[in-house]
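Chains as they are written, first to last, in full-length UniProt numbering: chain A, 1 to 455; chain B, 1 to 358.
In short, the hints are calculated from the structure, not lab data. Note that the structure is a prediction, hence the values are computed from the model and not measured. Please note that a few of the clues may not be correct.
[Unchecked claim] Computed footprint of chain A on chain B; a stretch qualifies when at least three of its residues, placed anywhere within it, have a C-beta under 8 Å from a C-beta of chain A: (1) 69-82; (2) 148-158; (3) 168-180; (4) 255-266; (5) 312-323.
[Unchecked claim] Partial list, computed: chain A residues near chain B (C-beta under 10 Å): (6) Met186; (7) Gln289; (8) Tyr436.
[Said to hold, decoys possible] List time: in silico DMTMM-like cross-link candidates among lysine to aspartate or glutamate, alpha-carbon distance up to 25 Å: (9) Lys102(A) / Glu306(A); (10) Lys102(A) / Asp7(B); (11) Lys219(A) / Glu3(A); (12) Lys219(A) / Asp35(A); (13) Lys102(A) / Glu3(A); (14) Lys102(A) / Glu239(B).
Note that beta-carbon positions come from the ideal geometry of N, C-alpha and C, so glycine has one too.
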Amino acid sequence: MAEWRIGLVVDSRTVGVLTDGTGTVRASAYGFDVDRRTSIAEVLDTLLQCVSAESIGYVMITGLAEIASAPWHERLSPVGALRLAAPATLSVPPLSGWPSEKAAAVRDSVAVVAGGHQYDGTEVSALDETAVAAFAHRCRNRVAAVAITGANAQVDSGHEQRAAAIAREVLGESVPVVTSSGLGGMGLLERENTTVLDAALSPHISLLLDGVTQLLRAKEVTADIYFTSADGTLLTASDVARHPLRARRAARGAAITGALRLAALDDAVVVEAIDGYVYITTVVEGTPQENLGPVQVQGVRTCLPEVRTSAVRIDELRTRGTVARPSGDARLALRRARAGHGALPVIVVGPDADEVIRLDDGDNEIRPGFGARVGAIGAALGEVSGTVDRIFRFTETSYPDCVAQARRMARESAIQAGADPSRLRRPRVREFPLTYISTRCARMRVTVSGPLVRV
Amino acid sequence: MHDLGIDDIADLVLGAEVLGSGGGGDSHVPWRMLVGTLAEYGPVRLINADELPADAPLLPVLAGGPPGALAETFFNGHEFGRLRETVEQQIGQPCAAVLPVQLGAFNTMIPLIAAARLGLPCIDADIMRRCFPAVEMTLFMLAGIRPSPVFMVDMWGMGTMFATQRDDVVSTLIRTSLPHLGMVALISTYTVTAEDCARFGARRALTDCASIGRLLRSTSSHDLASYGDFLRYCSGRVEFSGIVIDLVRDWREGTPHGTITLEAVEGPARLMRLEHQHENLVAAVDGELVVTVPDVIALIDVESGVVMQSADVVEGQRLLVIAIPTDARWHTPAGLELVGPQAFGLDVTPTRVGGSGG
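Next comes chain A alone, as it looks inside the complex:
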C-alpha cells in the first residue's frame, strides 16, 4: 500500500525525510553533491533502503527553482503577451516598466485586443476572436509560450479561456498557454507581469520537471509529485509547469508548515533559525501572514503572495556574557509578530534552533526539534489550498450571500487542487475596504486549505 511520503528540500544541500501522513519520521537523508540532481538521487537511494518504491504515495519537493542552475536570463524564453481589455488600458502596453534586459529576453509578440470584464463581471467589450487568432498566427514558430491576461479575469475567466483555446488551435499543444485567472491579487499590470514571467519560465521549468520525474521513475517511484509554494501549501506538477513563480521561495513556507505540524498548532509565531538569522512569521488559522504590497521579481512588479517575515541576526538571540535575554530588537520583532493576536505560542525550529535562547518569559514556547529536517517534514505534510481574491458588491447580493459565494468558490478550488473534501479547513476570509466609492463593495480574499486525499 502506498502509505509513505517523501519530503525533499533542495537548496545548497538536499534534505529528505520519509514519513507517514502524521509526521512520524521513519528515515532521513542528506545529499551534499554540488550537482543537485545527483544530490537528490543520493537522498532517494538512502530513503528507499527503508521501504519499497511502490509504498511511496507522494513525493513533495521544496525548492524547484533551486534545482535550476542556469542564470535567470537563460531560463527565460520568448513569449507572446496578449491582453484582453480594449478599449480600456491601452495607455500602458504590456511589459511596461520591466528592466530592459528582461523585457528583451521575453518580448516577442505583444497585443491588446477587445475583451475582458468590468469589476462586476459585465464585459468591457465582446472578445475580438479575429484579433486573438491573428495574434496567435503572428506567434507561430516564434514564441515558446503564450501569456493571456484579461481585465478582471478573477471575476470572469471566460474570455481568457476562449482566447487560450484559440491560441492552442493555432499553435498546437506544444506551446504552453498561461492565463492569469488563477492568480490572486488585484491589479491588471501586476497579474499580467506575473503571467508573462510564468510563461517565459514555463519551457525551462517543464524540462526540470521532466528531469525530476525521470529521476524518480528510474528509482521506480511512481508516486504523485507535488511542489511547495511560498506559503507552504502544495502545487501539482501541472500547476508548477504553468505558474512556476508560485514555487519560488518555498523553503520558508515548508519550514513554517513543519513547525506547525510538529507542534500540532494552527496559530503561532514561527521562529526559524538558519544561516546566522532568525526569521519570524505569524501564522493565524494555519495561514502565514502575507505582505499586502506588490512583490518584485527580478525588477518586475508581480501579484505573487509573499509571507511576511522579519529577520533578526541570531546574535541578538544568543546568550551574551551572563545575560540570557533577547536584545531589544529581537524583543520588538517578537512583540510585532504577536501584535493583535494575543499571547500566541512561539515555535522555534531550524538547524540553528539550539543557539536561540528562550524567547517567551512564560511556558508558551515549543521546540519540536528535528533541526535541518523541519522543512522536509513540512514539505511532506503540506496541504493544498484554493483562493478567491476579487471585488464583491453587496447591492444586489447581500453581504452574507457574497461571503457564502466566496467560500464556496474557494472550497471548490481547493478540492480541484486535490484536497480531501471531507477534511477541508474552515475558510479564512480577509476583507479589504474599497475607498473612493459609495457603492457597498469590498475586496475579499478567501482561502481554503485541506490535506491531500489519502491514497
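Fit chain B to the given chain A structure using the hints.
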C-alpha cells in the same frame, strides 16, 4: 521647476503620497502612464496661473474610481482629448492650461498626463493642497465658486455632464454614477479662469509636492534624526512611532471607515488611535487629540520607508505617524465647516499640528 520630465516623477509621487494623508490611491498605473506619455510627448511645462491672461479658461482634471478598479480597467489615453472637447464645447472657447484638483498619488499625475497629451501647460497649483475625498472640498468652493457643471468621460469615450443646485451632493452624484460607467472615469469640475486660480488656488503645489518627496527620499526611516530637513520644509512633526496592534474596518454601511490602534515602540503604555475614512482624519494619544483633519496625517512604514494607504495597513506593522499643517485657509471657520472633522461626521474639536485648536 518649469519643465516636468520623467526624472521628476519619483519625487512628485512620493510627495503626493505624503499629502494623500493615508489615501489618494496607488501610484503604479498613473506612474506608468505618465512615463509613457512623457516619453512620447516630451516634458510638461509648469506655469503659474498669473502667467496667463486673466480670463483664460482652465481645464481642471482628475480621475474618479476606487483604486482597485483603477488598477484593473484604467484609461486608454483618448479620454483626455474627449474630456477637453466636451468641456470646450460647453464653455465655447479653448482651454489654456490644465489645472490639478488634488494632491494624492493618483490625481497628481493624471493632470500632467492630460497636459502632455493635449499639448497644454499645467498650472503649478491645485485646489485642495492635499487629498480630500470630495470635489466640493476645494479652495474654490470656499471662495464661492461652484463645482457644477461636472463632466465625466468613461473608457468607451462616452461623455456625460450634469449640474446640480446642491453643491454638497456633487461627489455623491459622481460616485453613484461610477458603477454604471465601469467604475472608472476622467472628470472635470469647476468652470474657472486663470485669475480664479491665481486668487484662490494653492500656488506652487506641484513644486512643493516634489520638494517634500525629494527631502523624504533623503531620509532613512530607521533614523528619526534624518527627518530634520523634511520636517522643517513642511513644518511637520513626528507624532508617534508605534506598532499596529488592532485594526477595525467597516465598509458595509455608509462611508468606509476604520480605526488603527498603535502602541508606542518604547512600551505598550502609550496608545495612538487613528480614525480614517478614505484618508486619515483624527489622531489621539491616550485619549488626547494630537491632530485632526484638515491637517495632513501621513503614515510611513519604518521597515520599507513606504508611505502607507490606511486601507493597506496590517497588524504588527511599525509606523511613523507624521502630521503636516495644511493651507491656512482651511483653518478658518468657513474652511473647517467644509473640511473639518464635523464635515466627516466626527464630533471632535479641530486640532492643528502642534496641538492648538482650529
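Hints versus structure:
{"no.": "1", "hint": "69-82", "verdict": "holds (count 9)"}
{"no.": "2", "hint": "148-158", "verdict": "holds (count 3)"}
{"no.": "3", "hint": "168-180", "verdict": "holds (count 5)"}
{"no.": "4", "hint": "255-266", "verdict": "holds (count 5)"}
{"no.": "5", "hint": "312-323", "verdict": "holds (count 6)"}
{"no.": "6", "hint": "Met186", "verdict": "holds (5 Å)"}
{"no.": "7", "hint": "Gln289", "verdict": "holds (7 Å)"}
{"no.": "8", "hint": "Tyr436", "verdict": "holds (5 Å)"}
{"no.": "9", "hint": "Lys102(A) / Glu306(A)", "verdict": "holds (22 Å)"}
{"no.": "10", "hint": "Lys102(A) / Asp7(B)", "verdict": "holds (22 Å)"}
{"no.": "11", "hint": "Lys219(A) / Glu3(A)", "verdict": "holds (17 Å)"}
{"no.": "12", "hint": "Lys219(A) / Asp35(A)", "verdict": "holds (18 Å)"}
{"no.": "13", "hint": "Lys102(A) / Glu3(A)", "verdict": "violated (44 Å)"}
{"no.": "14", "hint": "Lys102(A) / Glu239(B)", "verdict": "violated (43 Å)"}
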